[in-house]
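Q: Sequence:
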Amino acid sequence: MGADGGRIAARGFQYQYLRTLEALLASSGEGSVVACRIEGPVQAAIALDNVDAVDFDLVDAEGVSVVAVQVKSAAAGREMRAPRALEVLLDLVSKFSSRRYELVTNAVPDVRCERLAAVLSEFGGQPQVMRGELEELFAKAPATLSRIRALSPDQWVRLARTRIDFDGRDDAQLREELNLRLRLLRGRTGRGLSWRSGGLVLGFLVAEVLRRAADPGAASWSLTDFNHCLLVDEDVLCTALGRQDFGVVVGPFPPVPEIERPDLVEQVAAAFSGTTPAVPVCVVSGLSGIGKSSLAASYVAQHAYRYDLVFWLDASTPESLAGSFQRLLAHLGGGDDALTDPTLVRERVHAQLQGLPGPWLLVFDDASPAQADAWLPRQGRGHVLVTSLARSWRKVHRRVEVEPLPREQALELLKLRLELDGQTVQTHLDALSDLSEALGRWPLAIELAAGYLLTCGINPAHLDAYRSRLLSAALDDDRSLPPGYPKTLVGAVRLSLDRLYTRAEGHPEVAGGSVALLRVMCYLAPQRIPLHLSAACVFIPVEHIPPRGGVLALDETSSPLREMLRELFDISFVRLDAPLPLPTDDGLARIPGIRDSLSINSVLQLILRRMFAQRSAPDQALVCAGAHTNSWLLHALDHGLSEWAWELSQHASALAEHVQELELISTATAALLGNLAGFHSRHGQHGIARELLERELRWQVESPSANPLITAQCRIQLASLINATAPAEVCDHIVRHLTPVLAFLESYAGEDPGGAARHVTDSVLILQVRSSRSPGHGGVDNLLDQFRALASRLPLSPYLRTRYQTHEVGKLLAEGQAPEAEQVATDTLTHLEDHLWSDTAADARRFLIEALAVQDKWTEANSQYTLFRDYLGPQSLYRFSVNHLVHNVGLACAMQWVLVDNAAAAQLLHRMIDDVSPYLDQLADDDFERTRFTLLHAVHSAARALQNDSLAAEGVNDFLHLMEKLEGQELSANPEQQSAWDVILLGLPVRIGAQLTRKGHEASQAQGQAAIDALPASMAVDLQEAVRDERALAHLALSTDSAFAGGMTSNLDFLAHKIPALMGPRAIVLLEPETMLLVHSPEDEIIEAHLHKLCGRGFHLLRESHPVVPVATELRLRPDGSTLVLEDSQGVVLARASVLLSRAWREAARVRGTVWVMYGFAFNLADVSISRQLLAVPQAAAEAFRMGCAQGQIAAAIVPWTENMSPALSWPRASRRQKGRKKARRKK
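So the sequence shown is residues 822 to 2049, counted in our numbering.
Simulated from the structure, these hints should not be mistaken for lab results. Just so you know, not all the hints are guaranteed correct.
Under the rule of at most 25 angstroms between Cα atoms (straight-line distance), these lysine to aspartate or glutamate pairs were calculated in the DMTMM-like manner [claimed, not checked]:
#1 K1216 <-> D1187
#2 K1678 <-> E1641
#3 K1216 <-> D1407
#4 K916 <-> E883
#5 K1236 <-> E1081
#6 K1236 <-> D1255
#7 K1632 <-> D1746
#8 K916 <-> D881
#9 K1236 <-> D1084
#10 K1308 <-> E1140
#11 K916 <-> E954
#12 K1216 <-> E1168
#13 K1820 <-> D1779
#14 K1820 <-> E1906
#15 K1786 <-> D1736
#16 K1216 <-> D1084
#17 K893 <-> D931
#18 K1678 <-> D1722
#19 K1786 <-> D1742
#20 K1786 <-> E1750
#21 K961 <-> D931
#22 K1678 <-> D1648
#23 K1678 <-> E1636
#24 K1216 <-> E1384
#25 K961 <-> E900
#26 K1632 <-> D1648
#27 K1216 <-> D1398
#28 K1308 <-> E1168
#29 K893 <-> D991
#30 K893 <-> D1036
#31 K1632 <-> D1677
#32 K1678 <-> D1736
#33 K1308 <-> D1135
#34 K1786 <-> D1748
#35 K1308 <-> D1319
#36 K961 <-> D912
#37 K1308 <-> D1187
#38 K1236 <-> D1285
#39 K1308 <-> E1258
Kindly generate the complete structure, drawing on both the sequences and the hints.
A: Quick look at the structure:
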């Protein structure tokens, strides 16, 4: 049979138009292309044969062709030879201008044609290299070679931009890919498309290409018009098809929730975004009523357009799942009433799904792995979404865990269900928020509570009063159920728990253990429950707990602990939480699973506690849990595991509430309350600690079987706490608690001398502190004498001796004996190497740092601080020591930087504030301390910015923010302590000014030195010789003299009313060199050589009328007979003047320890008559001072005064120390 030319031509046009359409779809997301010209451009100036060289091209907004394409179709199997391919390309580049050129063909390339395509691709940017490759390739094709050699340079450049696209797809494959691309593009805009309607749209678009190809006036198809055709409305498609054939949902679809959870919906969508050979499965798991089905409904509502059909299946029981598949088979057209075998139904449905051409979605609602796994389809163009209580699904593509609602969404759901207007919501916002939190932000709990409130007519104003009722009655109220929920929250929990009990009957070791674990976890805090603590409470008898506490853990490698967990995971009652914080070098870290923690919903805990209580009383379980939790907490306290202790304290607190509510009095529960009180006391929660201790003491007093040792420990802790917080009648309270302790310890000493000695030491230290703070109280002093007498008869261990020594160090510091304190603290620490995590070691270390700081031993203080850093942290067990270190050492550092610019002190301050700034506020005991710590932070911020020579906006803003917080705040209720802190507060702005002035001073000095260095050698020698002349004229004065009362003040004068050492007149000396040595700089600045020399030794030129005067600590001024000598620390004389020292002037210098030295030419001391006249009139003296500053003729410094001794600048230290507070911790 001959070839059918018409059909061949039709197939050719069909392929060309499909490829044109593919280019349009690909260009929809490309910003540079704005239109497609079908069959090339239509312009009169272009010859027809040139136009025929192009089947279509894509153009930009300027009308420039981006790519010109020639499409060559061929029958299946036909070859494309290299000469023919090159001929097409040469026609393209010779007849048409474009940025790129392409030959698209579905013919099969021969070997040389493949090589041609490779050359064009590989050497596209190198026309000369390409020419050589092509000449070699066509060396045996003379006609083609001749045409290659005839190409112009411009045509070679164009040829280098050509490519060949060999398309191996048949028409069906090409249409399928175009259909898929249509669906994807419509999907991005939320429009659906099935395979059937996709074919309709594709056919329409191909027809539109054909129409435009035949009409030159419509040949240019803009992408705007193309997209409008592509994104035709869904109702138009439904009209064309007679019905909607995409996004149809079949099955018991639940209500779409008003409160959406877009982050979770995105996670589900991400599970179905890739391509996999098997059907992707996404499992949504979580508690009953937590919103799993609602999340699935949200996903379906938002993404139904992606699917031809969506099937919602009830998978809660084997029967409901089989029935759902039977109905699904009927919808797929394969239904058969006679087909009742579930296996055959399943296989028939799977086969039908594999045959569907378009994508589908199956939602298995409320499924379990064991029942539903076999029903999940493995093949087909679809997705599977599962909602399940269980987390143990295997071989799924993604798991999405549904948590309680975020706070804002939970509150919004409550407001919607209560039908409240905006004004009512604002009025009761706090109560609504509290109720939402009390309901655990659990959607079903919120629905039930809101339904209960509405149906019972309870006013929102009474929410707080009805909260307890809501948490009991509402959660099991059938009449409060919202539409779509089959059972109440209590009903759902009961069903899951019954499943667990049923399994326990057949598997008592595993399922029974799961029930026991769950019961314990109901009485712990809901978050980060240590797995091994729960297991120990259930499986390890309390008799095995060591007397001094410790961590007992189950060997999970030889027990079914993980299988028990799996049972709880399968009903979503618990889930894994973040690992517990435990140092890797701690011995516990070697126990497998010791860091694992679990969480359980707080409302679920409440429901389960009631259900368990209906079966048996919780007393024994609570006592066991209290004993083990106390033992774990005690281990953490003893070993300095601050973060571990913090986590355990949450569970100890939860247990303590239940124990107190049920009045479960035992040795274990009493010890739990006592050690929990010790934990809270160490964190500054003194009110909570005292409440716990008083409750424990009441139990002990009222119980006939009370343990007298625990009672004594409780009284000692209470006395320590009272001593620290100093309430009214503190002495009487302490005596009342410690008197019976003394009686007990006198008898207990014969039974356990070492233990008695520990408690006696605690008592002695409490009484010593109170005796020093409340001197003359007979009851305290008498009781202290009796305890000391008892202590003298008991053995004193090395550790107890260090406790007394540490107390002594604190006393030495308070008395200002820093060197002695340093020595005792150092010695104490050498005896604490085996007790590094004790409070005593922390206190001794911080005392040592303070003693070193007081003595200006900053290098040693920094080294000791490095060792102290192990005690830091937001949950530190050593809060008392950290608080005092930051307070006392921080004050010393800030004082030294503000007053004398001590960089080493600032460095230590930086390290401390950098370490504690995240929790600095919570370190403070009261508002006064909080304000002081803010001041320290401000000093740190200012010093850091100035140290880095950076005044960046961020640093300045931080400093200004901190200073704003200080406005109007009191620093102390104690006037003496307030005075010390005021020195820093008032001195900080001046120090900042001084630092900024110093920067200007350094620049000026550098400029002056450059001018001197530029002098000729001979002149430089003469100048150096002249500058060695230290002779000067002098005038002595006091700041109280009338001449100096008119404005000559220094930066330290503002402190005169705060520091006694600065009160009274200031000694002033005016020095004037006998000769003036002037040097001109290249910038025409005048430098006086004497002033320049002194400014290099600590003096500063005064440039303002109210100058900042530096403290020149490396210089000294001393009398030498009738001569004043200014010299450096090495004895090099800088200036010498003959002058008679008056008694008043000498006394002022001696009292302050410093003299204000002004060196320069402002007062004309060389002319006695003029200088006397100037200095006799205050206005004249002030004007001379101002002019001297303006002209740079005065250099000044505060210089230490030395007279037969070397007093350093000293500021009051002991008066500003924070008194130490003693604390006691009790062990069982």
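Q: Indicate, hint by hint, whether the structure satisfies it.
A: Hint check results:
no., hint, result
1, K1216 <-> D1187, "holds (18 angstroms)"
2, K1678 <-> E1641, "holds (14 angstroms)"
3, K1216 <-> D1407, "violated (37 angstroms)"
4, K916 <-> E883, "holds (20 angstroms)"
5, K1236 <-> E1081, "holds (15 angstroms)"
6, K1236 <-> D1255, "holds (13 angstroms)"
7, K1632 <-> D1746, "holds (22 angstroms)"
8, K916 <-> D881, "holds (20 angstroms)"
9, K1236 <-> D1084, "holds (22 angstroms)"
10, K1308 <-> E1140, "holds (19 angstroms)"
11, K916 <-> E954, "holds (23 angstroms)"
12, K1216 <-> E1168, "holds (20 angstroms)"
13, K1820 <-> D1779, "holds (22 angstroms)"
14, K1820 <-> E1906, "holds (18 angstroms)"
15, K1786 <-> D1736, "holds (21 angstroms)"
16, K1216 <-> D1084, "holds (23 angstroms)"
17, K893 <-> D931, "holds (15 angstroms)"
18, K1678 <-> D1722, "holds (15 angstroms)"
19, K1786 <-> D1742, "holds (12 angstroms)"
20, K1786 <-> E1750, "holds (13 angstroms)"
21, K961 <-> D931, "holds (16 angstroms)"
22, K1678 <-> D1648, "holds (18 angstroms)"
23, K1678 <-> E1636, "holds (19 angstroms)"
24, K1216 <-> E1384, "holds (19 angstroms)"
25, K961 <-> E900, "holds (19 angstroms)"
26, K1632 <-> D1648, "holds (16 angstroms)"
27, K1216 <-> D1398, "holds (23 angstroms)"
28, K1308 <-> E1168, "violated (33 angstroms)"
29, K893 <-> D991, "holds (14 angstroms)"
30, K893 <-> D1036, "holds (22 angstroms)"
31, K1632 <-> D1677, "holds (20 angstroms)"
32, K1678 <-> D1736, "holds (21 angstroms)"
33, K1308 <-> D1135, "holds (15 angstroms)"
34, K1786 <-> D1748, "holds (12 angstroms)"
35, K1308 <-> D1319, "holds (15 angstroms)"
36, K961 <-> D912, "holds (21 angstroms)"
37, K1308 <-> D1187, "holds (13 angstroms)"
38, K1236 <-> D1285, "holds (16 angstroms)"
39, K1308 <-> E1258, "holds (22 angstroms)"
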